[in-house]
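Student: The chain contents come next:
2 protein chains.
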Amino acid sequence: MKVLITGGAGFLGARLARELLHRGHLRGQRIERLVLADRAETGDAALRDDARVQTHMGDLLAQIPALMAQPYDAVFHLASAVSAECETDFDLGLRSNLDTTRALLDACRAQAARGGPVPLFVFSSSVAVYGSDPALPLPAVVDDRTLPTPQSSYGIHKFICEQLVADYTRKGHIDGRAARLMTVSVRPGRPNGAASSFLSGIVREPLAGVEAVCPVAPDTAVALASPASTIAGLIAVAEATREAFGGRTALNLPALTVTVQQMLEALREVGGEEAVRLVRFEPDATVARIVGGWPSRFDSPRARALGLFPDRDFHTVVQQYVRDHRDAVRNTQALASA
Amino acid sequence: MKVLITGGAGFLGARLARELLHRGHLRGQRIERLVLADRAETGDAALRDDARVQTHMGDLLAQIPALMAQPYDAVFHLASAVSAECETDFDLGLRSNLDTTRALLDACRAQAARGGPVPLFVFSSSVAVYGSDPALPLPAVVDDRTLPTPQSSYGIHKFICEQLVADYTRKGHIDGRAARLMTVSVRPGRPNGAASSFLSGIVREPLAGVEAVCPVAPDTAVALASPASTIAGLIAVAEATREAFGGRTALNLPALTVTVQQMLEALREVGGEEAVRLVRFEPDATVARIVGGWPSRFDSPRARALGLFPDRDFHTVVQQYVRDHRDAVRNTQALASA
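The listed protein sequences correspond, in order, to chains A and B. Under the UniProt record's numbering, the first residue of the first sequence carries the number 1, and numbering increases by one thereafter. Under the UniProt record's numbering, the first residue of the second sequence carries the number 1, and numbering increases by one thereafter.
Just so you know, these hints were derived from the structure itself, not from any lab. Bear in mind the structure is a predicted one, so any value in this text is a computation, not a measurement. All C-beta atoms in this analysis are idealised placements derived from N, C-alpha and C, irrespective of residue type, glycine included. One thing to keep in mind: the hints can contain errors.
Stated by the list, open to error - Rough simulated footprint, nothing fancy, chain B against chain A, three-plus residues with beta-carbon under 8 Å:
| id | segment |
| --- | --- |
| 1 | 143-155 |
| 2 | 164-172 |
| 3 | 247-259 |
| 4 | 322-330 |
What the hints assert, rightly or not - From chain A, some residues computed to sit far from chain B (all C-beta separations above 10 Å):
| id | residue |
| --- | --- |
| 5 | His-56 |
| 6 | Pro-117 |
| 7 | Glu-282 |
| 8 | Ile-290 |
| 9 | Asp-299 |
| 10 | Thr-316 |
Please construct the entire structure, taking both the sequences and the accompanying hints into account.
Tutor: Structure representation (structure tokens):
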């Protein structure tokens, strides 16, 4: 089968690609070709060197005709302008997220219409669809039936694309499934300017021997998922039968609820006092308000029914990070323990 | 102030126009100009003859640049491809409902950006956003927090446009409010091919002395609003302060829950046995399934807070129809009583 990953050079896209290549199959079919589409070339040499991998660079919206000249059996649509970009540039957000997704859906529909496969279409939506509308505050525990009231353009775009995916699926143009990703922590790399960036930074930076700033109070609760859980979620959603997925409404992937304090305790367990001392609390009212508006507790029965559970605890998540990114870790205690 | 109504030649658009002209003001400002945009010229001579009224004919998407060359203080966006059209022609639905709404929102945003007024933007959404996803069945009573899971392209488009209206509002490009209209009954005119068409037809046709077919069982419960209540809802939503409207999430207008049996009892009270005898039950499984998927009971606290309540009973609704459309009524008992 032929698989396309948009955003394939991004952190999650590359991790999904590695996992798919490692498995070698999807939905019982051998993966013969894996196309990674992104603005930039993938930095992962192992991916580039895999004979099954083909990379495709450029602006996704502009590239769709060329990219979709070959038929796909499965599309993982991960490419997206991030929340900060969408807030800064309203038109860019609409173009990158809404227009691009619609064009990609139309290309899939055209593929099916000309006798090609009706592609599996996994759309990575986001917990960002849940914002707190003061007139309709979120319940203490969010579940698959909770009405999203997005409070950012990014959340709006994700929620709109969920609807498009549902309708293209209903009409038989694709076999679409939208899964809402939780805040992924610990992300490798550099801070990315997102309000959630510190939720990786307060672990990643101290383990690299670098100071990190935490802009929220220690008792702030957040809903997280490790990179491994997130990728497992996307693959389980892709593997599910339509009956198992249940309807056409987006599904919340599982979330681990932790406080910042609990995150730092896990950091201490893995990296010692030396690591935790590198985290400086510097309250930022804006970030605290944004993060405080995010739901922190989830009950996700649809994900459970697919065999998906939250990460066990944040200690395990930190260990996963150290194992996966030893090069970026300077903390000797952490390196020794993982 | 200058007011634009899209779909201004339609039944609700024309009724809204007449009501606005009768009031003469909106949000404390005198209405100096009322532009009715529609594919067709309005059939209402009184509207055409009013010096404040300007009509604008043509495809809305194509006409937006010309139409929006003058600034508006308020826009009522009622124009829409109806559900049956959207199901038949996927692209037409996307173009008429999604692309047109976005272009209209962008024109409003451009107006504000060049120093013109930030327009009030009332979007007529629909109860059609509520479809019954078998995996997430609707609760027995739908309220403002119920997650819409649209099961038609029309419902999907309405729900998507609600999100766009919310985000353009959040960014300050418009002062947007989305109100979900219930099934309007009794509509005048001819059957329109919508699955809900019979909900007007089983009253309108018998009162005109014409036979009507009822495709569902007498105990089928439906959620209705009279034309007058619907227009009152749109105006109350326009008049509300942002605080009174509450957040940026779409609001459900009030609904009267009645069974088809109760509708026919009201018809009997107004038009006598002679009228009811003209209704023939002819079960249609497809229509019964569609109508059965619609929510029939609503609790709408946000509408109540704006002073909006369901129609008192269906008897009153039938009398309203007879009073408003005496020309279309042949039933002498009804004409005498209204």
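Student: All hints, please: hold or fail.
Tutor: Here is what the structure says about each hint:
A stretch counts as covered by a chain when three or more of its residues have a beta carbon under 8 Å from one of that chain; for the segment 143-155 of chain A and chain B the count is 9, and the coverage holds. For the segment 164-172 of chain A, the stated coverage by chain B is satisfied: 5 residues place a CB nearer than 8 Å to a CB of that chain, which reaches the threshold of 3. Coverage of a stretch by a chain is defined here by at least three residues with a beta carbon nearer than 8 Å to that chain's beta carbons; for the segment 247-259 of chain A and chain B the count is 3, and the condition holds. Only residues whose beta carbon comes within less than 8 Å of a beta carbon in chain B count, and the segment 322-330 of chain A has 0; fewer than three means the coverage is violated.
Every CB of chain B lies more than 10 Å from the CB of A:His-56, the least distance being 26 Å, so the non-interface label holds. Its beta-carbon lying about 19 Å from the closest one in chain B, A:Pro-117 satisfies the requirement of being farther than 10 Å from that chain. Listed as outside the interface, A:Glu-282 is consistent with that label: its C-beta sits roughly 28 Å from the nearest C-beta of chain B, beyond the 10 Å cut-off. At roughly 13 Å from the closest C-beta of chain B, the C-beta of A:Ile-290 stays outside 10 Å, upholding its exclusion from the interface.
Here A:Asp-299 stays apart from chain B, with its beta-carbon at least about 14 Å from theirs, past the 10 Å limit. Distance to chain B confirms A:Thr-316 as a non-interface residue, since its nearest Cβ pair spans about 31 Å, more than 10 Å.
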